[in-house]
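Go by the hints and put chain R onto chain C.
Those sequence lines, one after another, are chains C and R. Sequential numbering from 3 applies to the first sequence in this note's numbering. Sequential numbering from 337 applies to the second sequence in this note's numbering.
Think of the hints as simulated: they come from the structure by calculation, not from any bench. You can trust all of the hints, since none of them are fake.
Going by beta-carbon spacing under 8 Å, a handful of chain C positions derived as facing chain R: (1) PHE159; (2) LYS168; (3) GLY170; (4) MET189; (5) PRO192; (6) THR307; (7) LEU318; (8) ALA321.
Glycine is no exception: its CB is placed at the ideal position from the N, C-alpha and C atoms.
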Amino acid sequence: MGRYEALGNTVLTGIAEVSEATAQAAPPRRSAKAVTAWLPLVLLLTSLILWLSSVGSIDMAAMNDYGLISVLPGRIWAALILLILSFAVCWRRSDSSGALLALHIVLFIVLFYGIPAVAGDSPRGPIVYRHAGIADYLIRTGIVNTKQDAYFNWPGFFMGLGWTVKIGGMSGALALGKWATVAVNLMYLPPLLMLLRALTRNSRLIWAAALLFFILNWVNQDYLAPQSITYLFYLTILTLVLTYLRPLDAVDSAQAPGGLRARAAGSIGASEDERLAGRWSRWIPTIRPGPTPHDVPNTAVGGITGVLVAMTVIMLFGAAVASHQLTPYAVFSAVSLLVITGHCRVRGLPVLMAVMLVTWTIFVASGYIDGHLEQIATGGGLKTSAASNVTGRLVGSDQHLVVVWERLMLTATAWLLALAGAFYRFRTRHRDQAAAILALAPGVLFLLPYGGEVLMRIYFFMLPFVAFFAATLFVPDSTHAPTAGSSVGGALRRVRDIILFGGIASILMAASFVARYGNERMDYFTPNETAAVKELYRLAPRGSWVLAEVGYLPWRYQDYEWSRTDPSQAAHRYLSLAAEWNLDPTKSARDMALWTAETLRANATAGRPPGFLILSRSQRAHEEILGGLSQTAMDDYERILVRSGKFQLVYANGDAKIYARIQERRS
Amino acid sequence: MKRLGWMGLAAILSGVGLVLALAMPLGSPWRATAALVFVSLCPGASLVPLIGLRDKAMELVLVLPVSFAVVTLISVALFYSELWSPERQLAILLAICAGGLAARLIRSSTSGRSPA
Chain C
3 MGRYEALGNT VLTGIAEVSE ATAQAAPPRR SAKAVTAWLP LVLLLTSLIL WLSSVGSIDM
63 AAMNDYGLIS VLPGRIWAAL ILLILSFAVC WRRSDSSGAL LALHIVLFIV LFYGIPAVAG
123 DSPRGPIVYR HAGIADYLIR TGIVNTKQDA YFNWPGFFMG LGWTVKIGGM SGALALGKWA
183 TVAVNLMYLP PLLMLLRALT RNSRLIWAAA LLFFILNWVN QDYLAPQSIT YLFYLTILTL
243 VLTYLRPLDA VDSAQAPGGL RARAAGSIGA SEDERLAGRW SRWIPTIRPG PTPHDVPNTA
303 VGGITGVLVA MTVIMLFGAA VASHQLTPYA VFSAVSLLVI TGHCRVRGLP VLMAVMLVTW
363 TIFVASGYID GHLEQIATGG GLKTSAASNV TGRLVGSDQH LVVVWERLML TATAWLLALA
423 GAFYRFRTRH RDQAAAILAL APGVLFLLPY GGEVLMRIYF FMLPFVAFFA ATLFVPDSTH
483 APTAGSSVGG ALRRVRDIIL FGGIASILMA ASFVARYGNE RMDYFTPNET AAVKELYRLA
543 PRGSWVLAEV GYLPWRYQDY EWSRTDPSQA AHRYLSLAAE WNLDPTKSAR DMALWTAETL
603 RANATAGRPP GFLILSRSQR AHEEILGGLS QTAMDDYERI LVRSGKFQLV YANGDAKIYA
663 RIQERRS
Chain R
337 MKRLGWMGLA AILSGVGLVL ALAMPLGSPW RATAALVFVS LCPGASLVPL IGLRDKAMEL
397 VLVLPVSFAV VTLISVALFY SELWSPERQL AILLAICAGG LAARLIRSST SGRSPA
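Next comes chain C alone, as it looks inside the complex (with noise of 0.2 Å):
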């Protein structure tokens, strides 16, 4: 232990802490000792060999409804297995090394959330394009019209990341977005590391449940999107909670049976606030320092010190709230918890967090609660989340419903992996109560009315403890530390942990592939598409109606704003067939024809530009993966628009079309 801190307590030599019994066990074979040392970088170069040597090869365009899964070649399967065998082989070393492990996870994110980048042609998803849009909006305008759509009542992000696109002179946003998956989460690793660092001083634990996080990391919320980097907050909050304000005592639950009522009372770590709050004491309800777990040392910090990491949480949570409608409230419930249970000391934090939340709520976000607050008024988040987040989702093609049944098999299996962990550390009397509430809190969210997506949230916002409690099944006991394998029983235990931990992992990385990638025949956008709505833009004027079929396709890049009242916010208008055929399902492929022809000529009468109609393969692709429209009535409308004599085809290519609607006298 002592080693490695003399190099300079850096991050990784910190986490990498070797347990004295570890170190001062006797020496492996030499023989078995160099194949452990020369094993992982061959298998680590093997395995960047072959990844690089086959992504280039992707045929995108070949993929099924099992998504990225269908064209993957083998030989990238090979380099992520070899990765985490390798990881596996260092892992289990008696003298493991913290920066290969380390180098091991970084190169994991970059080849296994990659691959889209270095495949694909642009950013993938609708959502990153529409993202960049509201950035271009706000530093065009200058202007924050929360009448626009509901992501202006939450517009940090999007501010930080306009100044960012405009101070670097970039064409825009979408600059970013191609490879900000891989970069946030990189972001994600220190903090992750040293939050785990606050539940155990275990490496092995640490090293293992790291890894188990990215790779169970399947919902897609991590690209250029104020969800990913508000996650990074959300991660640095608790580090700092749980490192730094925890009680100031080390208490041992077990042999406090009265509880330390003034040192649990209420301030940040002053000395003199804790006389004050002792004599105030008896009007303060009594709360019992929380356990902390047998192999973390209290790290507590009072004083100025105290305050100035207080504030530092307060400051990220005040960003978090700026930018993101749910990620607070995990904050909130998180922080909540832990001070209620006596994890933190200061129980001024949640109620000025409740504060900040209530008061952007009203004076900020008060539009978007307006039309919610019946339904959170009524309970009708748990009715809708329910129904939106379980059987809404188990819809589409065949082969899209094996990977949404795939996607809950994963989500379960790591659930129920994290159950058997904390069993099992519980039955050992480990103190890990603090990554248990971390990891149920999140879970409150299931009633607020947010949508399709919250249960996905939810997990990610579980998954740091999800992975934690999954890991200390591969790590039994802190007192057993990996012995040095003087033994053939050693040596023979050290193979199985590798193949154990190995092959598990192994097999959630290709679950988590699936569950991951499986809509990525219509995420990804193909050159021919980009390039149609580039032209779509180029051809219609300001102030033009744009209808898709379905608006997943990468529009809004640009041109973001749209009003009905003010003409100076008039730029495109976006329209989606699906939305309108949604709201009468009966209608014929003849009616939505009509409706196309008198919606786009409506906006010309009005004295602006006649209308345009793109229609796309990833709109297509987005339909038939999802059951929306069928593939027949998409050709019977289309075949009916252009018989009618009221659109032209004005732009196409092999992925997509463009159609615009003829002007014509007012009769």
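Only chain R this time, still in chain C's reference frame:
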């Protein structure tokens, strides 16, 4: 310089780098890189050591989130007060970073030892 530590040096370099990239006719990739380095590093590297954590690992971890949070909060404040302009935001961020570094210098001179 020693009294500011290497984090202070990194903050100064990232701030100067961005100002130079804006002032000189550098190509777009250089300016974008300078902006990204500034946003990720400068506010955090100048403010985090003021907390006094005495744990370099944790300070390193905090630099990025604190930088993002400061940039976000300054943007929000300027937009909602209808004072936003890219240059104004840059000036305020540079002032905050300079203030953080100055506070470190003052603190280290009053305590009579290097914070690094």
